[in-house]
Amino acid sequence: MKKIIILSLSMVMLFGSCEDAIDLTPQQSLSDQVVFTDPLAAQGALIGIYNQMQDLHVFGSMPQIIADYATDNVNFVGTFTGLQEIDTYTLTAGSGEVNEMWRDTYEGILGANAIIANASTVPTLTAEEAGRLEGEARFIRAALYFQLINFFAQPFQVGNGSSPGVPLFLEPFTGEIVLLPRSTVGEVHQQIIADLDFAAANLPNYNEVTFGFASVQSAQALESRLRLYRGEFAEAAALAGSVIDAGFNTLAADYSFWDTANPEIIFAVVNTAIDPQSNNDAELGSGSFDGYYEGSNQAGRGDCPPSADLLATFEAGDIRAEFFEEDATFSGLPDIFTLKYDNGATDESDYPMIRISEIILTRAEALVAESGTVNTDAIALMNQIRERAGLSALSAGDFASGEELLAAIRNERRLELAFEGHRRMDLLRIGAPLRTAANVPDNAAGGGVGVVAGDDRAIYPLPQREIDLNEGVLVQNPGF
Amino acid sequence: MRKFLLFNFVLSLLLVFSASAQERAVSGRITSAEDGSGLPGVNVVLKGTTTGTVTDIDGNYKLNVPSEGGTLVFSFIGLASQEVEIGARSVLDVQMASDVTELSEVVVQAYGAQSEKLNIQQIETVGSKDFENFPVVSAQELLQGQAAGVQIAGGSGVIGAPQAVRIRGVASINSGTQPLYVIDGVPLIDGSGTNAQNQATAQLGGSALNPLADINPNDIESITVLKDASAVALYGSRGGNGVILITTKKGSVGEATVFSADYYTGWQTPTVVRQVLSPDQWRQFRANISTARGTPSAPSLQNQGGFNWRNAAIQTGRVSNYSLSARGGTDKTAFFVGGTLFDNEGYQVGNELNRLSGRVNITHEASDFVKFGTNISFTRGITDRFFQENSTGSPLTVGLLQLPVLEPVDADGNVVDAGFGNFIASQEQNLLELTTNRLLGNAYVEISPLENLVLRSDWGFDRVSTFDQRRTLDLFAAGGVATQRDFREDKWLVTNTATYTATFGESTLTPLVGFSFEESDQRRVTAQTSGFISDALPNVASGATPLTTSSQGTNWALWGFFGRVNYNYKNRYLLEASVRGDGSSRFGANNRYGVFWSVSGGWIFSDEDFFPSNSIISFGKLSSSYGVTGNDRITNFASLGLFQAGNDYAGVPGLEASQPANPDLTWEETAQFDVNLNVNFLNDRIRLDASYYRKVTTELLLNVPVPATTGFPSITQNAGELVNQGTDLSLSVDVINSGDLTWTVTANAAYLNNEVTELPEGSSEDLDGNRFVALAAFGQQRAVEGGSVSTFFLNRFAGINPANGEPEFLNREGEVTGTLTTADRVIVGQGIPDWTGGLNSELRYKNFDFRIFLNFVTGSDVYAADLEFNRNILSSGGFNNIVNNLDIWTQPGDITQAPALQSDGLANFDNESTQHLIDASFLRVRNMTLGYSVPKSILEASKFLTRARVYVSGTNLFTFFSDLKDDVGLDPEVSNAGVDPGVAQGETFFTSPQARTFTVGVSLGF
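Here the protein sequences come in this chain order: E and Z. All you need for my numbering is the position in the first sequence, starting with 1, plus 53. All you need for my numbering is the position in the second sequence, starting with 1, plus 59.
Hints are computed from structural coordinates only; laboratory data are not their basis. Among the hints, a few may not be true.
Some residues of chain Z that are not near chain E, with every Cβ distance over 12 Å (derived) [as the list claims (entries may be wrong)]: (1) Asn347; (2) Thr451; (3) Leu741; (4) Gly846; (5) Thr988.
Covered stretches of chain Z (in silico footprint by chain E; criterion: 3 or more residues with CB under 8 Å from a CB of chain E, positions within the stretch not fixed) [as the list claims (entries may be wrong)]: (6) 325 to 337; (7) 715 to 722.
Beta carbons are placed, not taken as given, at the ideal position from N, Cα and C, and that holds for glycine.
Construct the entire structure; sequences and hints are all you get.
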């Protein structure tokens, strides 16, 4: 019996020592308690939200190809039925793509909120460093809200910004679930403007930042886009003017600037070959600009060949009309594809989110829209783009009215910025239909014809998942 | 830590040698009078005293008795008791004869064994004779239909795919639902604690590691399924989903050496494959669409020729198994040594497994009170694989989607990477190989410092090491890509137990106490490059552009103590109580420890004096149990608030918030009540076992979906309640047992009702206000409060309107509509069956044996998400269509499967709806075997052979489906979610069908 007691005692001693053995910590993560107590870790959290911008459903191509799929720029030839629903306008609130756009974008927003809330308390950071940290987070948050509001809410022109926008979450997650109703489009726009103004005041100039990171110019440029969308042409022209006048960003001489650190590009989401493969990134190379826009013989998917309507819009002699190559669709049928994204094997092409070409065209359009006349400054700006494309310069005599000039600038915008995620909003904000009977692509079964801003199908449903989880606080868009 | 364990071990040994013998010892072996086998569990008592013991698993006993005189009483339920005077003997062997026709068998329990008749735990045992020479890769398949209440939901027909095992339902919504597997006392590495995505097998022919993939089915003596709370109690902290104990073959002391040689070879085809359009059918179909919709058809589509990609993806597979073993023993040592080569080329091109496994099991009696042994197995498997079915790296997926007009070679005869991929060329040329090495085993020492006390120290280990090598050649990815992934998991554990047997009067008390510590360490290294000069260079080092270099690690640990007391009065009144307390690294700092327990009782009423001894009922036992067990199947650090590192942007390292904190996270708890009746009739010729159970799982380890505006998709919480209740029935009948002819029929059936009874506040709510939990990737299914854990929630398809050819659906109110909205979805079915079961009939006549084995499932549905593609008429220019789409509407009055090509609703036709939901009730002829054993006279003449049998066998021969048109081409046993989670069962996306196998084999003994 004594021996049993001894044995039992030895076992009891074991129990004590096992307490430590089960006190384990993860090897690839840091505790959330320490991230904002260390300037390097806080900077790492900022990189984390830049990384989130690379996500497929944020600025990783999905929302951007939707801008083409829903309009007249490309044909749907892919195999993803989720994208087919966008092309045929049969999308429901259960759509996985819509759900992930919402979820992944808010994930970035909440990440930015944590930085914005904590930047000023990170030990050892100077006020300037803290301001820049917060400024970059605010730039990213603004870009994310801007994209959300474009997809899930009617354009500003519908009800002058009074229609339902998206819920405005500005604080980090504390563990307690907060439900907020949708703010109006106008309120969300004001927040974006506030964030971009803060960013412009606290960020360095373009020439002082590493390519792919936010600068004064990227904040001003993004705000000029928002002002244009809102029809605030004077502000749009002024902001675009400051970016142009800063002189850091200039038109590239030719079209070899894609996927390079070129001053043509004001802000790019920089992708590298390791991004799609990295297991820590939100999605594992299941789609990318290269994937969707490059043909399948070069390791792309070949899902987005240009529509006949887009090709027919190029003038004779336009270099950009030749900026395509023959390849095959995902299913193996011959077709042509843009050369803007040419790294199908590695998916490493950057997303040129803001280019100086856009800002030049924004200023041109805003000047004409503001004045309503055949504005020669605007023609000069547009001519910069035309001449690079191998087209002749136009003059005031070529346009009978301001309207005609406006149409020409907008057409130039379509051709220059095709496949970069602009088309859908560029149509909606001017009241134009997303598709017409004449330009609706094959296989779309007539989807989207005549749909204009204000129509139910001009925008996307809030994810059913979020409606189900929000106890009636979130109200679905009509028609879904 | 380890020092303490070592100290403990040494202490145990010291105790051994300090044990002194003051009286004389008598020992011996109790054998069966019928066949000479050792009888375990026999009570041996010195008459008139409380001194006694029970025989071990081989029938051996040892007892200290006074130096003179004395009588030993040997008793065992079902056997005639004997009293034998000891006299001067020190060895006293006894043969015992049964007093009923059926010999009592022993069942394996957690940390021990028990006679079947005295067992009051709910245990299902499947012995090797029930599955010998089945052409299977992994042992779970052997359980299909054999054990009541155990459902094996075959995942995929890809070689080595994991098998979802559900013991008495699904006890978790989105955490692990798989049982704990324990081989010879070693809980196996089973991938729990890490995301499937982090496992070596992810994305390649299976979604998760199959813990039994490297276990040779031929080494298995028995598979024991522990079902009720009392059975799983000693693995309590991990027993919530049930436990499967696997015992490997052992030799017996004193047994003559027997060599066995087994060989079978077989041919495999898929059970069913969908029919898709031929090149000409497709061209005509596309032309018809163009005409109907007024869109020009691309001239490129009209080229002549084509290729049958579907047929190219399948072949007649081959399976061969060569097995050689020896078992036997001397008077002190027993052994089993075996080796098996398993070679399987699947029915799908590019899928092959070559597995070599060996096993050595040895026990040795060093002295009268020290015994030790070891069980070691080593397996090396090389699998040629393809990517998971939801990718274009899977041949059959491509075979069903590829445009039939594409050809694998161009006009000049060069191989092209056509369309979705040319799997014929890529499977042949690209390298996609997984090499698995697994070393598994344990070593133990058993000592008896006191005559009724057995101390056992058992040290186990399990090492899985996989090397995944992939090389995509230039043709398939410009410049080529090489990927190498080295994964290993090391697990070791120590279990110390002490068992004491006290016999006094007619009572036997058997207490057991134990301690266990277990830890596991996992590492993974991945390297990937692209840009190769030549396809002849296979390795990552030869590529120019590094794409991935990654190294990750994770670990977990668990320690606990446990105890069990078994009390038995008159071998008639049985009581048992168990407890286990565990601490786990996986749970929150505030709730790291859990205690689990059970109590049970049994009454063998047929042994009561009042029970008529010559009644129709020859044996009767009533038992019941109640207890609480746990589930820890969550990721390793689910309770911590984390920022994950390694998220780079433009080459700068970053951190991303990956998980919110929940320091209160703790075990999921399952309380289970069980009542069981076991009755044998007509001298045990008819044996009936019926049980009712109710399992209530609370504190569910639930990944509760939260609004995306938190920045997280879900938070792991303990919330909600789930009830599984049902009935397990089994019946065995010796129909004929007369000389040359024997016929035995065994049948089992289980009814299960699974209901989510509570979901937490803040859960998702549908329009009716029902709370539910769903996964984004499997939106068709949800766990609904008040409904099944895998409820299908879909728009209802109403068919094609015969008047106008428009596809129609029902809205929420049941009215016909042409549009689809999420608001019109309703509950339409469930993924979990209500009735499952099997029937096994074995007939022997002279030297012939014939066996037929059926199993069935009712009440479950399968959602075939792949039909959203194959029925997609609008996208038929992108991928092939099912032949049923040719049945289009052309004029009013047509009753068709497909709509009019010009219909407005054509774009909705293929969308998610009940059109793709199929009733998966089925009856399957799982196996038929005809064998012939060479007569003894011929064997004796050979002077060499002791046993010889030849047989032919067919597996998955016929399937009777309740509600499936053949041309939809769907195997009912498919799941593309792998084995977990419970809320995503019963969905397929081009999941490969099961294999139908014909084998011929020979089995020799010498």
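Now for the hints, and whether the structure bears them out:
no., hint, verdict
1, Asn347, "holds, 15 Å"
2, Thr451, "violated, 8 Å"
3, Leu741, "holds, 48 Å"
4, Gly846, "holds, 15 Å"
5, Thr988, "holds, 44 Å"
6, 325 to 337, "violated (count 0)"
7, 715 to 722, "holds (count 6)"
In this structure, the hints that do not hold are numbers 2 and 6, in rising order.
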